[in-house]
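> Take a look at the letters that make up each chain.
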Amino acid sequence: MAPTTLLIDKHVRYIQDLGKHTDSLAYHLTAHLRINAVYWGLVALCVMGHPDALDHDDTLAYVMSCWDDDAGAFGAHPGHDAHIHATLSAIQILAIHDALDRVDVPRVTAYILALQQPSGVFAGDAFGETDTRFLYIAVNALALLGQLDRLDKDKTVGYIRQCANFDGGFGSVAGAESHAAQVFVCTAALAILDRLDVVDVPSLGWWLAERQMASGGLNGRPEKLEDVCYSFWVLSSMSILNKMTWIDADKLIEFILSAQDPEGGGISDRPENMVDVFHTQFGVAGLSLLGYPGLQDLDPVYCMPASVIDRMGLRKGWKALPRRPL
Amino acid sequence: MLNLNPEFYTVWNYRRNILINGIFPACSPAEKHETLSNDLSMTTAALKAHPKVYWIWNHRRWCLENLPDGGEGDDPQAWRRSSWERELFIVDKMFDRDPRNFHVWNYRRYVLSNMPVPRTAASELAFTTKMIESKLSNFSAWHHRTKVFSSLRTSSELDIHHYLPNEFEIVHNALYTEPNDQGVWLYHRWLMGTGEDRQLLEREIGVIQELLCEEPSNKWCMESLVRYKQMLLQNHSSTLGNSEAQNLVRQCLDLLRKLEELDPARRQRYQDLAAEVKT
Ligand SMILES: [Zn+2]
Numbered sequence: 000m001a002p003t004t005l006l007i008d009k010h011v012r013y014i015q016d017l018g019k020h021t022d023s024l025a026y027h028l029t030a031h032l033r034i035n036a037v038y039w040g041l042v043a044l045c046v047m048g049h050p051d052a053l054d055h056d057d058t059l060a061y062v063m064s065c066w067d068d069d070a071g072a073f074g075a076h077p078g079h080d081a082h083i084h085a086t087l088s089a090i091q092i093l094a095i096h097d098a099l100d101r102v103d104v105p106r107v108t109a110y111i112l113a114l115q116q117p118s119g120v121f122a123g124d125a126f127g128e129t130d131t132r133f134l135y136i137a138v139n140a141l142a143l144l145g146q147l148d149r150l151d152k153d154k155t156v157g158y159i160r161q162c163a164n165f166d167g168g169f170g171s172v173a174g175a176e177s178h179a180a181q182v183f184v185c186t187a188a189l190a191i192l193d194r195l196d197v198v199d200v201p202s203l204g205w206w207l208a209e210r211q212m213a214s215g216g217l218n219g220r221p222e223k224l225e226d227v228c229y230s231f232w233v234l235s236s237m238s239i240l241n242k243m244t245w246i247d248a249d250k251l252i253e254f255i256l257s258a259q260d261p262e263g264g265g266i267s268d269r270p271e272n273m274v275d276v277f278h279t280q281f282g283v284a285g286l287s288l289l290g291y292p293g294l295q296d297l298d299p300v301y302c303m304p305a306s307v308i309d310r311m312g313l314r315k316g317w318k319a320l321p322r323r324p325l
Numbered sequence: 000m001l002n003l004n005p006e007f008y009t010v011w012n013y014r015r016n017i018l019i020n021g022i023f024p025a026c027s028p029a030e031k032h033e034t035l036s037n038d039l040s041m042t043t044a045a046l047k048a049h050p051k052v053y054w055i056w057n058h059r060r061w062c063l064e065n066l067p068d069g070g071e072g073d074d075p076q077a078w079r080r081s082s083w084e085r086e087l088f089i090v091d092k093m094f095d096r097d098p099r100n101f102h103v104w105n106y107r108r109y110v111l112s113n114m115p116v117p118r119t120a121a122s123e124l125a126f127t128t129k130m131i132e133s134k135l136s137n138f139s140a141w142h143h144r145t146k147v148f149s150s151l152r153t154s155s156e157l158d159i160h161h162y163l164p165n166e167f168e169i170v171h172n173a174l175y176t177e178p179n180d181q182g183v184w185l186y187h188r189w190l191m192g193t194g195e196d197r198q199l200l201e202r203e204i205g206v207i208q209e210l211l212c213e214e215p216s217n218k219w220c221m222e223s224l225v226r227y228k229q230m231l232l233q234n235h236s237s238t239l240g241n242s243e244a245q246n247l248v249r250q251c252l253d254l255l256r257k258l259e260e261l262d263p264a265r266r267q268r269y270q271d272l273a274a275e276v277k278t
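Chains A and B are the protein sequences, given in the same order. Taking numbering that gives the first Met the number 0, the leading residue of the first sequence gets 0, the next gets one more, and so forth. Taking numbering that gives the first Met the number 0, the leading residue of the second sequence gets 0, the next gets one more, and so forth.
Be aware that one or more of the hints could be misleading.
Derived DSS-like pairs (lysine-lysine); straight-line CA-CA distance at most 25 Å [stated by the list, open to error]:
| # | chain 1 | residue 1 | chain 2 | residue 2 |
| --- | --- | --- | --- | --- |
| 1 | B | LYS146 | A | LYS154 |
| 2 | A | LYS223 | B | LYS129 |
| 3 | A | LYS223 | B | LYS277 |
| 4 | B | LYS146 | A | LYS223 |
| 5 | A | LYS250 | B | LYS218 |
| 6 | B | LYS129 | B | LYS92 |
| 7 | A | LYS250 | B | LYS257 |
| 8 | B | LYS51 | B | LYS92 |
| 9 | B | LYS257 | B | LYS277 |
| 10 | B | LYS92 | A | LYS223 |
| 11 | B | LYS134 | A | LYS223 |
| 12 | B | LYS228 | A | LYS223 |
| 13 | B | LYS129 | B | LYS218 |
| 14 | B | LYS51 | B | LYS134 |
| 15 | B | LYS51 | B | LYS129 |
| 16 | A | LYS223 | B | LYS51 |
| 17 | B | LYS257 | B | LYS228 |
Because the hints were derived from the structure by calculation, they are not lab data.
Working from the sequences, and respecting the hints, build out all of it.
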């Protein structure tokens, strides 16, 4: 039978155990995501009310071991080249632990700003592709570091405008089809830059609301399968636009809960599939925005514990569903 | 390692660094061309196995962009021309597996805008027609069609007004065949634009109303009718009679009430729209 409550203890143990199987092939094959995985795990733990489940000193030591001193930014794992995504994860983990004083802010800022292209979009690294995901990552990281003033905001917003489609959504590059993950990164970047006036709210609100399928789960584009991670990409956008009431919250909660592994813990993309930390984090994040009882608030703009963003004074206007009583 | 895990981006970076700094400076153009061509064919298999991995696409871009001048005969573009043409061919083959893969679509748009001899917009339109005919329920193809038309509009290569009657015919056929496909309705919305043309609005409202008679519980028909009737109210109030306007408001509210029953998951949105219509 599918679980009908959030199995917090199982998920906490699942996340704690993630780093323990360092002899497995899967562990090595996901090395390019390692620091991101730590961030996903940590945010999920914070939202579930267990921020101390990962050892504080170990976590910070690991983050600092990912520093790439040649590039002046963080890589995904010790010895990996710097990448903007790994750099944001490092900054987010340090911010959660109130340890941003460990970051060489001038060098990281310079690394990020140098990745902006003449069009306004950002590249992921010195060789990388360009994508609105990297633009959001840059904006988010600069905001957390208090360096947003260094960014050419008009140029940045100009690129997001180029990615806007007639359906109200946004694509990964100029010309690309609207996709829920890209809608999130563009909407959240605009929220941080105080430029939500760019969004066609009625069209996008409709497009987002139509992502809910008969199962209650959300998909990322028309006529695609539902997937737990879209609970975050779609819901975060809806909460930024204050349209959380435009879908059936109960059915979505039921769908996310049904994708839990009742034995080993963790959440998968959809019921009966293999769990992973990415979908665990986005499932828990979605539940928090839906007002699931007993969870901590998640800030959808930065995808961070709301208490951390509030402490840093960076909160933007967004509205989740009210927290339900236990 | 490259074969085992194509997402291992450090290894890709390392390879490019070696090529740029170690190997290419000592290479003839023919050798450079051969190395890059080999990388392209080597990654073709990886691409087929992992069509969603960014780093493979990324490496192919880099190879194509670094192709040297030269080739058989005296056309300095010969190598580049044949490699980019082949790339488009490979990309199009990938749609046989998954016609919605957005990496493939994005990459295809990239190839189109960078190939030495650009394709005409007319041949791109023919391409999307073919995709849509093989599967109506492919919003990626409809989306691409909007982009081709947008580029036509700015390049004045073809007159959009010449195409519009035909586009409405295509979309009407699609709506009758797949009345529950959101993508087709989205394309219809795009064709309607901002609703400046009162005659067009009234004609399309008529078409959709007919479809609704055949499909009495089709929510997309109702949603679209509300939208286009609202456009009439908003854009053409000065030419609408008072009673006609009141009629439209009443019809919108009726439709929204039905939508609430039919599609309770999105009830609050229909209530919000109704509140808007009333003001
Ligand atoms: Zn997913």
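> Are the hints correct? Go through all of them and say.
Hints, verified against the model:
Of the pairs offered as hints, the one joining B/LYS146 and A/LYS154 holds, with about 22 Å between alpha carbons and a cut-off of 25 Å not exceeded. With a C-alpha separation of about 21 Å, the suggested pairing of A/LYS223 with B/LYS129 holds against the 25 Å cut-off. For the hint pairing A/LYS223 with B/LYS277, the CA-to-CA distance comes to about 35 Å; that exceeds 25 Å, so the pair is violated. Restraint check: the Cα-Cα separation between B/LYS146 and A/LYS223 comes to about 21 Å, which is no more than 25 Å; the hinted pair holds.
Distance restraint check for A/LYS250 and B/LYS218: the Cα-Cα separation of roughly 20 Å lies within the 25 Å cut-off, and the hinted pair is therefore satisfied. Taking the CA atoms of B/LYS129 and B/LYS92, the gap is near 13 Å; set against the 25 Å cutoff, the hint holds. Proximity of A/LYS250 to B/LYS257 is assessed by CA-CA distance (about 21 Å); at most 25 Å being required, the pair is judged to hold. Simply put, B/LYS51 and B/LYS92 have alpha-carbon atoms about 15 Å apart, close enough for the 25 Å limit, and the pair holds.
Restraint check for B/LYS257 and B/LYS277: the C-alpha separation of about 16 Å stays at or below 25 Å, so the hint holds. With a C-alpha separation of about 21 Å, the suggested pair B/LYS92 and A/LYS223 falls inside the 25 Å cut-off, and the hint holds. Our distance criterion of 25 Å between C-alpha atoms is met by B/LYS134 and A/LYS223, whose separation comes to about 14 Å. Taking the CA atoms of B/LYS228 and A/LYS223, the gap is about 30 Å. The hint is violated against a cut of 25 Å.
A threshold of 25 Å between alpha carbons decides the hint, and for B/LYS129 with B/LYS218 the separation of about 28 Å lies outside it, so the pair is violated. Taking the CA atoms of B/LYS51 and B/LYS134, the gap is near 21 Å; set against the 25 Å cutoff, the hint holds. At most 25 Å may separate the alpha-carbon atoms for a hinted pair to count; B/LYS51 and B/LYS129 meet this at roughly 24 Å. Pair hint A/LYS223 plus B/LYS51 holds up; C-alpha atoms about 15 Å apart against a cutoff of 25 Å.
For the proposed pair B/LYS257 and B/LYS228, the alpha carbon gap of about 16 Å is at most 25 Å, so the pair holds.
The structure is inconsistent with the numbered hints 3, 12, 13, although it conforms to all the rest.
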